[in-house]
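Given next are the chains, with one letter for each unit.
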Amino acid sequence: MMYKIRHDTKLSYGTGVATARLNIRLKPVEWPGQRLIDHSLDVTPPPAERRDGYGPYVVNTTSLLFRDGVKEVSVNNAMKIEVAPPPIPNTSPTIAETRDAALTSRGLDPLSPAPYLYGSRIAVPESRIADWAAPLLSPDRPVLEAAQALCTQIHEDFKYDSTATDSQTAPAEAFEDKSGVCQDFAHVMIVALRGHGIPASYISGYLRTLPPPGMDKLVGADAMHAWAAVWCGPDLGWIGLDPTNDCLARESHVVVAMGRDYADVAPIDGVFTGAAFQKMSFAVDVAEIDEE
Amino acid sequence: MASQTQSTDLFGPDPTQDPLAWYKPDDARADMFASAPDDVGAAWRTFATGLTRLPGGLRQAQEWVDRQVADLGLAFRVTGDVEERSWPLSPLPIMIGAAEWAQLEQGLVQRACLLEALLADIYGPQNLIAEGHLPAAAISGSADFARRMVGLSPADGRHLKVVAMDLARGPTGEWRVLSDRVRLPTGIGYALENRIALSRATGPLLADINTRRISEFFNAMREGVAASCKRSDPRIGLLTPGRFNQSYPEQAHLARHLGFSLVEGRDLVEQDGRIYVRTIAGLKRIDALWRWINTRDIDPLAFDSRSRIGVPNILNACASGDLVMANWPGAGVVESRVMSAFMPRLCRTLLGEELRLPNAATWWCGQRREREHVRANFDNLVVSPAFRLPVEGLEDGRTCVIADADSPQREAIFTAMERRPMDYVGQELVRTSTTPVLNGQVIEPHAFTVRVYLARDGAGRWTAMPGGFARISDDGSLRHALIGENDRSTDVLVIDPAGSEHTANPPKLDPPAVRRQQGVLPSQAADNLFWLGRYAERANQTTRLVRVLLDTGHATGRALQPAGATTSARRISALLERLGAAYGGGDGKEKTPAEIAQAALSDISLPGSVASLLSSGRQLSLLLRDRLTHDIWRIVNRPLPACGDDADSLGASCDLLVERFASLGRLLADTMTRGPGWTFQQMGLRVERASMILQSTIALVPGEASAEDLAALLDLVDGQSTYRSRYLTMPYIAPVLDMVLLDPAQPRGLAFQVEQIISHLSTLPNLRDDGMPETPLRLARSLRAWLDAADATDLEPSDLEHWRGALGHLSNEIGKRYFLNETLPGSDGAPFLA
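Chains A and B are the protein sequences, given in the same order. If you're matching positions, the first sequence starts at 1 in full-length UniProt numbering and goes up one per residue. If you're matching positions, the second sequence starts at 1 in full-length UniProt numbering and goes up one per residue.
Next comes chain A alone, as it looks inside the complex (with noise of 0.2 Å):
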């Protein structure tokens, strides 16, 4: 599947700021079945300083700094790509083979599972929750088989509500009120597994637009979208699952980024000096191209 992704942001602030500093997540990360043929992330005005990294996750960063009373900024991020994610193994170890060679595994880089075993900072460990997905989480049950019924779960009991949420809301919160958006659901799947020991992820990227002939309109197609990865041991690595649309992230899903939740990930933040507010608006649109 081939896509065209035109990502534009504003950020408005008011009466103008003395100095901005942004971090741009935006361009894809390298990803099993996905290749990059174009990308361009394009700011105005010129920033005084732009820098582009790679980590501390798996995660490309564009640091900009902005001087003299900057009042609105534009990021445009605009690709092509072509998403033909691998086959999905008819089997994978259980939770507890899954648990064991994640605390024996030997490295640290950023797709290594050790990072992910963890409480992060929004994505804080929570018992309720651990013990509400403990019947499906069982020790002997295939890990992958484990996560897609998690995945069903929050897509069954949540409710999907914009105006529920905000991007700093924790997992705890939605979980009490059952209700929330993508990256809460992703954060709330991430906090289950992690209550039982398994490496879980959160991954941040693009949903196609219009839905394949004859089936239904994906939910947060018209934002950047969110979910959550599982680690499944060493030879199948990290796989994706949308609680959202409570299906494997297969075609449909452009990955951009992945780190421990949403903070690691977040598309634009930064700090800014000044007596002023900061705005932001966006419009994303992901549509599927003829391959060349």
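Hints are not guaranteed to be accurate.
Residues on chain A that point at chain B, a partial pick, calculated with CB under 10 Å [what the hints assert, rightly or not]:
hint	residue
1	Gly107
2	Pro113
3	Leu117
4	Gly119
5	Ala130
6	Gly197
7	Asp269
8	Thr273
Hints are computed from structural coordinates only; laboratory data are not their basis. In this text the structure is predicted, and so the values were computed from the model without any measurement. All C-beta atoms in this analysis are idealised placements derived from N, C-alpha and C, irrespective of residue type, glycine included.
Got chain A sorted already, so can you dock chain B onto it with the hints?
Showing chain B alone in chain A's frame:
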């Protein structure tokens, strides 16, 4: 001799001769004093006997020490406290002989080297992980593991400059490490202050028993940090989270003692890979920071974007090598309890040596075999969170002695370990030695732990502070906080008995070059000094207003009636109301001058009351702890005198307060170095005094005035006697206004204040390239010109209003030019400039 032996036989030992003679712990081997070698035991006895000779004897030794502590201004906060508490120091220190210390020191230095090597690998090649010596999951669980720091090594190769370790002495005299502290060496300042307080309290006693000095350690530490800096005469800062932090008082003491600038994140700015402090003379480069804030808060761009106490992009300065950071960001990863499980093995792998100083035996449940061991021996172990974070079953993040736990908790921990074994460690139960502690007159054995400190000297070698900070627990439990609710601290002495072969080998130090300038004044300190001057003067002037109110209202003592009458007392109370020091008369009930005075002095819910102003002044003085002498500190922190409800006692309180303000002024004048700090404090005072003179004049002489009004105004500026000797008649408007506003020879008059502001501004650095005066100086000069040109006989109220506006403008411009931009117009500035 013979008679003494006899009296000992008949009545037991004489407690004034040797208070320790009756000290009998159950297990002598497990007690510091009872197991001490003879020469160290003798030192102990000499010291205890010395305590009996203090004023008040042994019985009042604690009180005597408490007084030294209070005089030093030693204080602390328990998390959640708003007010600081006075520091609990026990008079009887713990003594360690030089031979025992030398052995201990070797173990400590080895451990510091081990921690350094461990960090160099974790943030470097990570061979330990790849080769299976250290599981990746034992690192990633630490909240202090900073992935971003992997591959970023310090320019001098040293991740650690200062470390602390908690030690316990076991029942057979062997020392063990309980924990390593590399993020924050809390207690290091208290160890220093404990020594100063004890030494002040006991005179020559410490020297008599050959106590090793600790001051060289602090000098070595300063040199150690300085030696890593690129510039030869570096500027070093202590980066504090701010005054609400639990250990802020300690940080301020340390900064003053070490000669470091006490800076907050907002004082600093990163530019092109360097860090600068904002000062009144523009940006000045900082070479090194001793950080007292967590890694995740130091840089909102690299770590937690919500941090408001960090410095954006400070990591860039670390990476470029132009900023020395003690300790390196991410160093805290080695603090996890889980590390103890691997230390013996890591020591062999990294240093090729056996671990000299054991830590408590530890099993990490993230490993299968170790997990089985913990399960099988569950009831004989202590179970703790592996990473110092709250976990299921241990919600307070603390250690649990399983044998002491109730069965639901035991079950809860056991079950939670099934789901997430990597969150737990099992540890052997460490039993601790006791030390003699003075309780009232009795000396009793108490359990203790000791925190020791190590720093690198100028050559990069580790050196240990000879002594440390001991915590004596009331109930024998080990808490994590530096000091708990009922705990006490005491000093730890290393004793070099005469002729000892282990005499101290102090690090060699170079004396500093002679200098007179104290370094540049950070904008924030300038801001605080300015406002301290304003608050103190506002409190002073408000007190004077209250005193005049009491004098003029005294004749009647009744409520201020009839409504609408323009008595002087009514005019003053209206002014107090405008200043936020009196309630509006909205409730229809008129108040007596005494009622108004009482509220204006002591009602903390009135923002302009003397009590509120003093409280604001105290808050500011907290921020200036490193710049104010102890005497000033004490006067600022003295409580408000009792305010009765009759005019006489209120008048007496006013007199007392006015005297106190006068002695504060004298102390400041006598002790503050003449430099920018003094200038800003004085400018605050002058601006405030000028503003109060104008406001009082406007209130008392709104175009017309009675002789009583004019007399009141003269009283406010201490001008009665001058006026009488100059004019030999009752007060008239023009002569009074000339004295109060225009005569530059009157030290409490307006013109004098403006003159002073101009001379202070002229001493400050000018940032303009063209040689023109900066805005504040220009504004002050134009105000002076108006006063010079004015004629008292045709002054209009509008002239006074105009000058008041100009003064407000001047104060704002001083703020804009010299203070931090973000804080202006500050919320606390507004009521003053209304």
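Going down the list of hints, with the structure as the test:
1. At a threshold of 10 Å, the smallest CB-CB gap from Gly107 of chain A to chain B is about 6 Å, leaving the interface hint in force.
2. The beta carbon of Pro113 of chain A is positioned within 10 Å of a beta carbon in chain B (closest approach about 8 Å), and the interface hint is therefore held.
3. Taken as an interface hint, Leu117 of chain A checks out: its beta carbon lies about 6 Å from the nearest beta carbon of chain B, inside 10 Å.
4. A hinted interface residue such as Gly119 of chain A counts as satisfied when its beta carbon comes closer than 10 Å to some beta carbon of chain B; here the least separation is about 7 Å, so the hint holds.
5. At a threshold of 10 Å, the smallest CB-CB gap from Ala130 of chain A to chain B is about 7 Å, leaving the interface hint in force.
6. For Gly197 of chain A, the interface hint holds, the least distance from its beta-carbon to any beta-carbon of chain B being 5 Å, beneath 10 Å.
7. Using the Cβ-Cβ criterion of 10 Å, the hint placing Asp269 of chain A at the interface with chain B is satisfied: the shortest such distance is roughly 5 Å.
8. Hint status for Thr273 of chain A: holds, given a least beta-carbon distance of 7 Å to chain B, under 10 Å.
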